[in-house]
Amino acid sequence: MKNMKEKLSGRIFLAVALSTLSALAVITVFIFIKGLPIIGKVGVLDFVFGMKWAPSEGAFGIFPMIVGSVAVTLGAVIIGVPVALCCSVFLAEFAPVWMRNLFRPAIQLLAGIPSVVYGFWGVIFIVPFIRDYLGGPGLSILAGSVILAIMILPTIISISEVSILALPRYYKEGALALGLTHWQTIRSLLVPAAKSGIVAAVILGIGRAIGETMAVIMVLGNAVALPESILDPVRTLTTNIGIEMGYASGEHQEALFATGVVLFIIIMILNATAQYIVRRKRAR
Amino acid sequence: MKRNVLMERIKIAAVAAVFAASMAALPGCGGRAQAGIIVAGSTSVQPYAEVLAEEFMLEHPGERIDIQGGGSAAGITAAQTGTADIGMSSRELKGSEKELWYVEIAKDGLAVVVNPANPVDGLTLDQVRGIYSKEITDWSEVGGKKSPIHVITREEGSGTRGAFSDLVMQKTGITPKAIVQDSNGAVRQLVSDDPNAIGYISLGLVNEKVKALRLDGVAATRENVMNGCYNLSRPFLFVTQREPSGAAKRFIDFTLSAAGQKILSGEGLIPPAEGDVK
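Top to bottom, those sequences are chains A and B. The numbers in this note's numbering rise by one with no breaks, and the one at position 97 of the first sequence is 119. The numbers in this note's numbering rise by one with no breaks, and the one at position 165 of the second sequence is 1625.
Any given hint could turn out to be false.
To be verified - Short derived list, chain B residues pointing at chain A, Cβ under 10 Å:
#1 Thr-1584
#2 Leu-1585
#3 Glu-1615
#4 Ser-1625
#5 Asp-1642
#6 Gly-1645
#7 Ala-1646
In case anyone wonders, no lab produced these hints; they're calculated from the structure. For each residue, glycine too, the CB sits at the ideal point set by N, CA and C.
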């Protein structure tokens, strides 16, 4: 009887586990089936490097959006990574216990704020600030980067902190015993030793930033043109799908799925890179 | 130790419960709720249809009407295939679409709006076309202060964008550098925040936060749309697969009745011209 129960529970868990896997398979297959024909029709190069996006005229070029995604994400990394890195070193090395206990849940809370709230906050505070003090329409790469920088903080901080804390204790003890100061130990030993973990954290942060939709749709301005400055509006791959799906049908809809295919491939590459870096470190 | 076992049991029970619940929920997904009718299409018509449906269901407690968005194109397709009982369109029907049964429920004006702080009160259609094609880039070129114009448009596929393209831009394309927003409300919000912005929205949605420009000297008002002086207007259509019957007919009749038309006028729309009703 007991054995039966054991077996049954094992089966149930297997079924549930398989359902997640099949969800992934179904979504992937669907996106590719819907998206690939139009890429084939337009041509891979013309689709990826095409400058003009005008579905009503049959022009499907997503290059300005790829540039948009890259620009906004790069901005988020430039603003967010130094802050996240300092924060994780502080938490791992400097912060007294009570402060750590305050910071960790606070950072997790940051990850829990819905993206639409970030976007709304951006529209109300950041966009007018940029418009009034820096010029341009306010809806811009800069606004998107600031919002995304805040949104990727929790990912980067927690993974970097864990990888610093995971270093063997004797690293630090040895360094201090050799007469290095605390700061020297951090700078020349701990951070370099935790490098692969930190790089993986940054890549996961980039994946998060590139996939974000709701928050950036509200602050980017969504113009389909190559930006000339960080104060210009741009459209990313995700916002292209988000903003046009409501009205799209036929080839237009297929082109949006094709945008999803490109996004899918970019994120797969990023995640695979992050995993490879982490594995390589473990193997050593 | 004992506590651990208990925790394990609770976890297993919880997982099993979630699994069972998700299984139980599955059959419910595909089915239609009760016998109601589905009205789908243009997001410009949608808010007005929602008000109409609310009023209609109050008066006829047994009826159920579901209003969905999706856009004019999707609405017309839904009517063609019968996925929706009534399709909503905010543009004229084209080509083979004209074989469907349709009725104009109201007219909507299109207003070109700027921030109330902008000294410009009116533009010619040529100037608007110039601004939207980036030939004119500074307000000083059209009699305003010296500052760059922030052009705001709607996304590809939007009925409002389609109407603006047909009525104002004609063969000229809208600049890709224009900021794109995905609803009338978002365009209005942005124009009310940005003193250098220009956008276009449904005339019914113009409020005190934005200023509707005079075009070629004609003020954007309901009266001027009705008497034909202001010709930036488009029809709101209900489209059905064939001559409507049953609940769909009752809802359409209600929309066209004096009570229905009063609701639409109250919301800022313009009644359809006599004789347009097919």
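Each hint tested on the structure:
Because the closest C-beta pair between Thr-1584 of chain B and chain A is about 24 Å apart, greater than 10 Å, the hint is violated. For Leu-1585 of chain B, the suggested interface contact is broken, since its CB lies about 21 Å from the closest CB of chain A, more than 10 Å. At about 5 Å, the closest approach between the beta carbon of Glu-1615 of chain B and any beta carbon in chain A falls short of 10 Å, and the interface hint on this residue holds. With a least beta-carbon distance of about 8 Å to chain A, the hint placing Ser-1625 of chain B at the interface is held under the 10 Å criterion.
The criterion of a C-beta within 10 Å of any C-beta in chain A is met by Asp-1642 of chain B, whose closest approach is roughly 5 Å, and the hint holds. The restraint placing Gly-1645 of chain B at the interface with chain A is violated, with a minimum CB-CB distance near 12 Å, outside the 10 Å limit. Hint status for Ala-1646 of chain B relative to chain A: holds, with the closest Cβ pair at about 8 Å, below 10 Å.
Violated hints, listed in ascending order, are 1, 2 and 6; each of the other numbered hints is respected by the structure.
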